[in-house]
Amino acid sequence: MGKTYQQWINDNQDQAWSLARYLLQDRAEAEDVLQEVFIKLWQHRESLPLSKVKPWILRVTRNHCLDRLRKRRPESEIEEHHMSHEEGPEQQLQRADTGKLLQASIANLEEPYRSLVILRDLQQHSYQEIATVTELSLPQVKTYLHRARKQLREQLTKGWQ
Amino acid sequence: MNDNTVDIANFEECLNALIDGELGELEHQSLLDAAADSPQLGTRLAQALKLQQALQAIPMEKAPAKLTRNLRKIPTQHRAPRSPWLLQPRWAIAAGLLALLFATTLYLPGNSQTELEVAQGRQDLALALAYLDNANRSTNSRVRSTLNDHMLMPVTEHTSRALQRQL
Chain A
113 MGKTYQQWIN
123 DNQDQAWSLA
133 RYLLQDRAEA
143 EDVLQEVFIK
153 LWQHRESLPL
163 SKVKPWILRV
173 TRNHCLDRLR
183 KRRPESEIEE
193 HHMSHEEGPE
203 QQLQRADTGK
213 LLQASIANLE
223 EPYRSLVILR
233 DLQQHSYQEI
243 ATVTELSLPQ
253 VKTYLHRARK
263 QLREQLTKGW
273 Q
Chain B
9 MNDNTVDIAN
19 FEECLNALID
29 GELGELEHQS
39 LLDAAADSPQ
49 LGTRLAQALK
59 LQQALQAIPM
69 EKAPAKLTRN
79 LRKIPTQHRA
89 PRSPWLLQPR
99 WAIAAGLLAL
109 LFATTLYLPG
119 NSQTELEVAQ
129 GRQDLALALA
139 YLDNANRSTN
149 SRVRSTLNDH
159 MLMPVTEHTS
169 RALQRQL
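Protein chains in written order, with this note's numbering: chain A, 113 to 273; chain B, 9 to 175.
Check the hints yourself; a few may be wrong.
[To be verified] List of simulated lysine-lysine pairs, BS3-like, C-alpha gap at most 27 Å:
1. A:Lys212 / A:Lys262
2. B:Lys70 / A:Lys115
3. B:Lys81 / A:Lys212
4. A:Lys115 / B:Lys58
5. B:Lys81 / A:Lys166
6. B:Lys70 / A:Lys152
[Claimed, not checked] Partial list, computed: chain A residues near chain B (C-beta under 10 Å):
7. Tyr117
8. Leu146
9. Val172
10. Leu221
11. Tyr225
12. Arg265
Quick caveat, the hints were computed from the structure, so don't treat them as lab data.
Glycine included, every Cβ here is placed at the ideal spot set by N, Cα and C.
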């Protein structure tokens, strides 16, 4: 079981981390959430079907983040996101600006729009997986994601102008 | 997408299908035609593609190495709590038995013992019994926690009483 658990860490920690970072915008809190989630995973390891581990981790991560956000005051500042580039300085600057603008726009989205964009457009999960993680129906996922993308487009268009 | 023609009403739906990679070749062409005919739709298509590119360019941040190390420690940190090794019953039993063995050798017939040696022997035996009693209690509580109080009088208690009677 120990080896299986280590494999679960390898397979899922980056996506869970990325989700927590986007939702919470705070490294320390994201670390706390991941610790809580993986402790819970360890405690429930016997009862969890293998095929449901990934959606379980993402769902519990999201729920823990949303719980923390509910308890927290809204913050407008967004931490800087480190990006690696192999482009010229001018392109880097432009791309970094777009990246920051986009991240800020994603952070400004309401739930569940924000989670849907992260899970679909950044992490490339299927609609079915996203429905399981967010506990929404498939049509709801599609509708909300379309709205989220439209909002993002509008926010970015303002930023690009 | 059943209808291949794209108009303003279903343009948004087509844009999303395009971003999800679910747009067929004909629908894709139809979308491009509609965008070419209408500057408004053309702008929306350009914005959607720009957004898609920007989203794809955002790298996924990896979990920090320190966090990974902490996550890997979870199985060892979240085991059932154990008492310190020195206080574990097997050590107490071993120590008790050793002391008992030592004390018993003093009582073996044929040994010429002074009163002082006998007193020392009694003291050692009492110490050994105390060790055994401790071990007994510890084992008892473990057995109780495992078997839910079904076994309250382990054999060792009876044995220690019998030994005490001999003294």
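Against the structure shown, which of the earlier numbered hints fail to hold, in ascending order? 3, 4, 9, 10, 11
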